[in-house]
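2 protein chains.
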Amino acid sequence: MSKNHLKFPFIQEYKSLSEIFMDQKLARLGDSFVNFIFSLALSMRKGAPVGVKVKGGMLAEAFKKAGLRKFLPSRIDRHKQADAAEALLVYAWIKGVYSIFESVKVLAENENEIEGLKRLLLLAEEKIPFK
Amino acid sequence: MSKNHLKFPFIQEYKSLSEIFMDQKLARLGDSFVNFIFSLALSMRKGAPVGVKVKGGMLAEAFKKAGLRKFLPSRIDRHKQADAAEALLVYAWIKGVYSIFESVKVLAENENEIEGLKRLLLLAEEKIPFK
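Chain order of the listed sequences is A and B.
If you want our numbering, it's the 1-based position in the first sequence plus 9.
If you want our numbering, it's the 1-based position in the second sequence plus 9.
It is possible that part of the hints are untrue.
The list treats identical chains as interchangeable, and a pair is accepted whether it falls inside one copy or across any two copies.
Claimed, not checked - Straight line, CA to CA, 27 Å or less: simulated DSS-like cross-link-like pairs of lysine-lysine:
| no. | residue 1 | residue 2 |
| --- | --- | --- |
| 1 | Lys136 | Lys24 |
| 2 | Lys62 | Lys34 |
| 3 | Lys73 | Lys114 |
| 4 | Lys55 | Lys79 |
The set of hints was computed from the structure by calculation and includes no laboratory data.
Treat the numbers as computed from the prediction; the structure is a model and nothing was measured.
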């Protein structure tokens, strides 16, 4: 595990997945993280650098497929599900669950982009340590 | 130096700064990189996570202040100067000039955001190895 969480003291400690999912500020940082790793993964698959913005619908779909919907209150819209996915993905990186390169590999290994995001979400969920 | 360039084989070898600056595809990947490290740096300074999109004007200004304008053909507009800055910054990370955390530190240490970007551009220019 890396010590990213010591490097980035602005990140609070979360007690549960639900807490992470509902943090709108963390989701905004997560958005920039996800666009970066997704762009790297797509660059790998295309064999040339690209830069993309990951669509919220794709993230919400991956979030649902990973079975994470149950940790959010009911009647949460797809936009908030996408936010929850972004928050989880960057938090796992900060906690050292995966490096940038490891996260890119998981995404790039999967032909289907939603499947790649789902697998990364599952890895994050499984490995994030809670006190 | 890290071995990021071995991890990301889609990145070509460049012979000069000018070649890097003119690569529009690399600039698109660079855009997502710069938004991510800038968001982390701003999060550090604010003490809470944020996500921002770095304005092209800011990048073009930092590029000019770093004295890099001379490596581009004349009559290149500010949009292309911002692209050149983005291409350089991500390429330096890929070549292992700085880690994510090191780049964030350079940005976060500077009160003035353009000054932080300028210092990171200068570090990249100084340390990128050419064959």
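Hint by hint, here is what the structure shows:
1. Taking the shortest alpha-carbon separations for lysine 136 and lysine 24, only the intra-copy value of 14 Å comes in at or below 27 Å, while the best inter-copy value is 42 Å.
2. Proximity of lysine 62 to lysine 34 under the C-alpha cut-off of 27 Å is found in both arrangements, the shortest distances being 18 Å within a copy and 15 Å between copies.
3. Proximity of lysine 73 and lysine 114 under a CA criterion of 27 Å is satisfied intra-copy only: 22 Å inside one chain copy versus 36 Å between copies.
4. In the homo-oligomer, the alpha carbons of lysine 55 and lysine 79 never lie at most 27 Å apart, since the shortest distance is 35 Å inside one protomer and 32 Å across protomers.
Violated hint: 4 only; the structure is consistent with all others.
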